[in-house]
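**Student:** Sequence:
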Amino acid sequence: MTRTDAADRPAAATIAGQRLELLDRARVYACGITPYDVTHLGHASTFVWIDALGRTLRFLGVEPEVCRNVTDVDDVLDAAARRAGAAYDEFAAIQQFQFDRDMAALGVRAPAHEPRAHRYVEQVIRLASGLLDAGAAYAREGSVYFRGQGVTSRVGLDRAEALRLSGEFGGRPGDPAKDDPLDIAVWQAGEPGHPAWDSPWGLGRPGWHAECAAMAMSVFGPAVDVHAGGLDLRFPHHAYHAAMAEAFTGVRPYARAWFHSAVVTVDGAKMAKSAGNLVLVGDLLAKHAAGAVRLMILDRPWGQNWDYRPALLDTAAARLDTLYRAAARNAPNDPVAVDALRRLLAEDLNVPAALELAIETGGAAARTLVTVLGLS
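With the first letter of the sequence shown counted as 1, position 283 gets the number 285 in this note's numbering; the numbers rise by one all the way through.
Don't read these hints as lab results, they were simulated from the structure. Glycine included, each C-beta is placed from N, C-alpha and C at the ideal position. Some hints could be false.
Here are the simulated SDA-like cross-link-like pairs (lysine to any residue), alpha carbons at most 20 Å apart as the crow flies [said to hold, decoys possible]:
hint	residue 1	residue 2
1	K272	D309
2	K275	P312
3	K275	E170
4	K275	L235
What follows is a set of in silico ranges between Cβ atoms, one per label pair, in the way DEER data are often shown [what the hints assert, rightly or not]:
hint	residue 1	residue 2	range
5	E143	T16	44 to 54 Å
6	G132	L205	13 to 23 Å
7	G204	E23	28 to 38 Å
8	A333	E92	49 to 59 Å
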């Protein structure tokens with residue numbers, strides 16, 4: 003991202019190679035959590051980076067308007083609630099409280115909008131009806147399916163890999179009611195053990211991708227400036243979300259830029275409860291300052307996957323101490339250095355280069371970076 007020098011010029015932002023011209027506001031849709039389990043470092047990485055994106059936009063003179071949804075209608079959440087002997091919505095509310103607590107401890111600012119899927123069922127029904135009217139979906143056996151042909155080309159996947167990922171993320175490619183295995187449910191016919199709402203097609207519930215599309219369009223209208231979320235959700239979730247929104251509104255592209263934050267692994271494996279390799283945010287914060295955890299996440303390219311090792315926290319803590327010492331130096335104010343920081347952060351959030359500059363320059367530049375990155 004780069005900020006123009008003249009006050010009467012817009013801010014120019016570059017995210018993942020996509021240059022954006024922004025006036026005074028940036029609509030950022032952030033894919034939130036499905037609140038069914040504890041918050042781990044993979045979650046923290048995504049939302050700390052989205053927070054850093056928002057803080058950087060504000061540094062550039064653009065107010066970020068962040069919408070971060072809560073997916074509290076979801077098959078995996080239903081299963082977890084059943085195991086806990088709780089109603090899905092009560093279980094989700096408790097898990098969401100714990101997530102919010104962890105995010106606050108990490109200095110992640112609350113979003114301007116936080117829609118919850120169970121409150122947007124009517125909007126999903128309207129979305130399904132609109133997609134049917136547009137010929138982009140079909141109704142069968144109480145479900146409404148979005149036609150997935152062409153969605154894979156959005157992200158450059160071959161069909162075999164798309165089918166694998168669809169199955170991994172609950173897309174039910176083997177559903178015999180579908181015309182094509184890559185079609186996905188906008189509205190899923192009712193099934194035992196899941197919440198259900200009335201619809202023109204009978205009792206049922208919203209599909210995952212449709213929930214996000216409906217919530218985002220309800221809050222921001224037909225398009226967003228930045229769609230942010232974990233890289234692992236690029237397909238199928240983000241691809242279908244965007245495809246449905248474009249089919250419903252006719253507005254293209256749905257997102258002017260995509261901010262897919264990196265996946266965090268442990269010994270090369272993605273964090274997962276089933277793998278037993280979760281690194282919990284609460285455990286990290288019990289032993290380390292929030293600033294050190296944030297800096298461990300941020301002192302690297304935001305889209306590059308990385309492997310967690312405990313030694314990284316020690317390195318981040320030492321780097322943070324060096325930054326604090328630089329900020330405490332009685333260096334003269336250097337507006338040129340602050341402008342250079344702005345250019346570095348604006349060009350795809352180049353945090354490592356900004357840190358080097360702030361530490362070398364010290365004084366106001368270092369203090370500015372501490373504030374912008376939420377490291378105080």
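**Student:** For each hint, tell me whether it holds in the structure or not.
**Tutor:** Hint-by-hint comparison with the structure:
| no. | hint | result |
| --- | --- | --- |
| 1 | K272 to D309 | 9 Å, holds |
| 2 | K275 to P312 | 19 Å, holds |
| 3 | K275 to E170 | 15 Å, holds |
| 4 | K275 to L235 | 17 Å, holds |
| 5 | E143 to T16: 44 to 54 Å | 47 Å, holds |
| 6 | G132 to L205: 13 to 23 Å | 21 Å, holds |
| 7 | G204 to E23: 28 to 38 Å | 46 Å, violated |
| 8 | A333 to E92: 49 to 59 Å | 54 Å, holds |
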